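Novice: Next come the chains, spelled out residue by residue.
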Amino acid sequence: MPVNRRKLATLLFALLATAAVAGTAAASHEGTPGVTKKQIVIGGTFPFTGPAALYKTIPAAEAAYYAYVNSKGGVFHRKIKDITLDDQYDPSQTPAKTKQLVEQDHVFAIVGSLGTAPVLSTWDYLNKRKIPQVLVATGDAYWGQCVHKALPLCGGKKKPWTMGWQPNYPGEAKVYAKYILKKKPNAKIGVLYQNDSYGKNYLNGLRTGLGSHKNQIVDAESYNLGDSAQVIAAHEVAMRTHGADTFVIFATPQATIFALVDRTAIGWSPLTLVNNVSANRLFELAAGKNGADLNGIISSTYTASPTTQANLPGMKLAKKIIGATGNQALQQSLAEGDGNIIYGLASAWTFVDALKHAGKHPTRASLMKALRHLNESKKNKNPFIYPGMTVKTSNKRTFPMEQLKLVKWSGGAGGDWHAFGKIYTGIR
Amino acid sequence: MVTAATSRLEGLRGGAGFPLVSLVLVACAAGLLVGSLRSATFAQLTVQGLALGAVYGILALALVLVYRATRVINFAQGELAMATTYIAYQLIQWGLSYWEAFVATLAIALVLGTVLELTLIRPVLHRSGIAAVIVTVGLFVLIDGIVNWIWGGDFKSMPSPFGTKIYHVGGVSIARLYVGMFVVVVVSALLVWVLFRFTKLGLGMRAAALRPAEAALVGVRVDWMLAVGWGLAALLGAVAGLMAEPSQFFLQPTLMQPILVYAFAAAVLGGLDSPAGALIGGLAIGVSLNLVVQYVPAISSELQEPFAFAVIIAVLLLKPSGLFGHQEVRRV
Amino acid sequence: MRSRIATVASLLIAAAVLSVLPFVISDYNVSLVARVGVFFIAVLGLDILTGYTGQISIGHGAFMAIGGYTTAVLSRDHDTNLIVTMLIAFAICFVVGLLVGLPALRLSGAYLALVTFALAVSVPLLPLKWSSFLGGRDGVQTSHEVSNLWLYGVAWAASAVLFVLAWLILRGRVGRAFRAVRDSEIAAVASGIELPVYKTLAFGISAAYAGVAGSLFVLANNGFAAPDEFGVVLSLQILIGAAVAGLGSLWGVLAGAAFVGLLPSVSSSVPVIGSTHGQDVVFGAAVILVMLLLPDGFAGLLTRIRRLARA
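Protein chains in written order, with the numbering used here: chain A, 151 to 578; chain B, -19 to 312; chain C, 7 to 317.
Errors might be hidden in some of the hints.
Now the stretches of chain B that chain A is said to cover, found in silico as 3 or more residues with beta-carbon under 8 Å [as the list claims (entries may be wrong)]: (1) 15 to 28; (2) 224 to 230; (3) 250 to 263; (4) 271 to 282.
Rather than coming from a laboratory, the hints here were simulated on the basis of the structure.
Since we're looking at a predicted model, the values are computed, not measured.
Just so it is clear, CB atoms sit at the ideal spot from N, CA and C, and this is done for glycine as well.
When you get a sec, could you build the whole thing from the sequences and use the hints?
Specialist: Encoded structure:
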């Protein structure tokens, strides 16, 4: 191989380019990372694109709420700056994006990051560094059960810096089990669940809830994120073949929409339950538009409805906050009943509430302490959650939200969810 | 560089005259019919498989046209199809009806494919096969980036071309959508066949692809013919994209990625240089994927793409020319 | 003599710059330059196959997946020393590469591209099937995380070792055989080169390099291995890196690796290329432009500039 100065030049050029790019952003920080006199920087990862992109109104609503708080002077005169990165709901992208938030952007806390698998892929990293990973947008049992105990499901280590917000999924599944046993004691149940910890935890919750009746699950079929509508249909055909007359969907929105449309398309009409995460009027409207027969589908909620409860003060506030963004698409989503916007507002409300209680000079530890002692009742009521429910935490109570109400769809393709029955409490 | 010269003498005859293969196909069709009559589940899966298979087939046909014209496998074919579907979406947003947008998109795709061949593929074609493949890989990433950039990565909704009506035949529910997909694909394929078979342009294209030197001698503008071949492929890709979209209810940038893998498998199964083989290969892949996942416990839905991969490997090792292709003679 | 001095000098300067670099840039940027090292190994491996032997692979992400999962699973289940897992990944991927090379013997050009592409799509789906062992979509977490500095040191040390290894292979008899296969299989066979041996050997070596890169790739991702990490795009990026570097140029590999390794990390505050999709546009456009305008990639560009300067 001939060697000459050209190669030397190539090498040097490449090295210098590397160093130049790498040397751009380097800053040392003192005190609490992300907190200055005028600003508090937080970050999170969300699916803005990819198979779970239907969730992207959550970070948009959170940003809108922070903008609203900032317009009123912020918290202790600090404006909240929220850096949101797109991880496409892909746990292989979350670590790198989280690393960027922590090591490059020096955020105070990771707030609201979405998805069970994405959060699991980063909680070791964040807990080891004692960085709050809070109000994560996933309802798995982990976020509550690993606070005090190093259970096997916690990866063998306590995870005190991680915290959820919404009711936990297995607990939600238990509510569905109760409903099914009451409504249809001899139900033959088919379950469609996502092939990961999210789906499996839901399924296990349903099994636990059914107790001695768990053999009434005649067929549990797993699908993979990104599967086509035809794959979902094939699973349903299999369930019907197994004689299922009750259909429980533990999926993410896209697959849920496929499942609802395909269910009608194959001429199958079982009693159908969808998990709360997919019970967003927008998703059902999309399914209805593609021919799904929606009447009678059961799900649950813990946030107020921007459509059926539009007159609540909280919903009026929501309309005002979202209106102030000037984002037409977001406003339209809210008008059509996108519950995820309410979810985002409610979760951001809790974060600001905690920040207020974390002191004038917040530290990561004082934020965690405030979050572990939430009490959003009476004067300090979260306006976006379902009337009569309370966000509350204590040393013993590690899930901020432990209540649910069942909802049923009526009104066909252009219909809506309507709440019925009592408020279930103690959801764990 | 490997020199793979093709025995092109049989090329003009198309894919007729394979008694054994025809027999196997008839047997398969009979098997599907019997299975469908005996089990509604089987029939349901077969119907779906045929509709989806038609989409795989038409994209495979696009790949075959490109391969015949330029001996290149266009890795960007699926993304190109996806991009043209977004163009249709945009036209509908601007007020065209679905079918107006459909026709306009096909025209745009035709031009786009031709231009791409002229500007990006032609210059590297004579350098090496690797160079052309790398350019199509670059196109894959580029198109994906551009679409995400312009339209964003979230879901777009298009009007349903065939409505949501469902026909019930025995215990089987057949969505009108599936019938529509199948018919559109078959009609498109027939039109392309007519073009190749009965028009002067088609004759020129066949001659340019199969015997470029002789074609040039008799006055065929070989370069142009190859470019139009790419254009036609892009047009068929647009049909694939526009028919795939309603089957998934939404338009999103990843629409064609799994379909591309199945189209590859279909094209290899049918024989990379056989148009009829591509269509039949597509139907075969579509139906078998659906049935295998249901009836072979070891192959669950996550193994669909690996199954397609296995088909590719098996065909290439056992019968590299596929069911209908022509044996390539390698001078080594 | 002069040229040898230049080689030694350039290597020494490279080593010197790389050893000082982590102490002058921030910890986060250390992790970014470490990533360049990871891609350096992968692109180097692909260059041996495509640039020097003329066989295309659009499936190197698959080998990286195998290497990455080897490290993650061994660490999770047996707490194996991470460096040892890299050696094991090297060995496993070498064997897998030989196996993939076997069908490649009968395939050329377009067909080989197809098969390797299908490989790239298929392999990352296998963890979903065997999820109890390979973690499914939830991924596999190594029992230890490594620091950015550790990663940097190991990635560049491995790069150096593998670079020298590649150089030794390519300058000798094997390298001549590889190039003969690339330039004309017929001529190679005529001059007594055993085609099957060298074609599969190239696949094996190339895959082994990708395996080591995969191990490091997982460690760079906080020790977390998940299926989508090794999607088709990764395979395409490695090919793009090799093409931008200039196929068949060991020296251009650094530039190619820096290009694909650093572009995704460009801060989101930079307009256009700061967004994921802007980067895709840059990746795609860059490789097309390079193929059209600079057949010899980055390495060729510098030659041209020198010639211009001299003229």
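Novice: Per the coverage rule (Cβ-Cβ under 8 Å, at least three residues), is the stretch 224 to 230 of chain B covered by chain A?
Specialist: holds (count 4)
Novice: Examine the stretch 271 to 282 of chain B for residues whose CB is less than 8 Å from any CB of chain A, and state whether their number is three or more.
Specialist: With 5 residues close enough to chain A, the hint holds.
Novice: Tell me whether the statement that chain A covers the stretch 15 to 28 of chain B is true, taking a Cβ distance below 8 Å and needing three residues at minimum.
Specialist: As far as the stretch 15 to 28 of chain B goes, the hint holds, because 4 residues have Cβ atoms under 8 Å from chain A.
Novice: Three or more residues of the stretch 250 to 263 of chain B near chain A by CB distance under 8 Å?
Specialist: The restraint on the stretch 250 to 263 of chain B is violated, since only 0 of its residues have a Cβ under 8 Å from chain A and three are required.
Of the hints listed earlier, the one the structure fails to meet is number 3.
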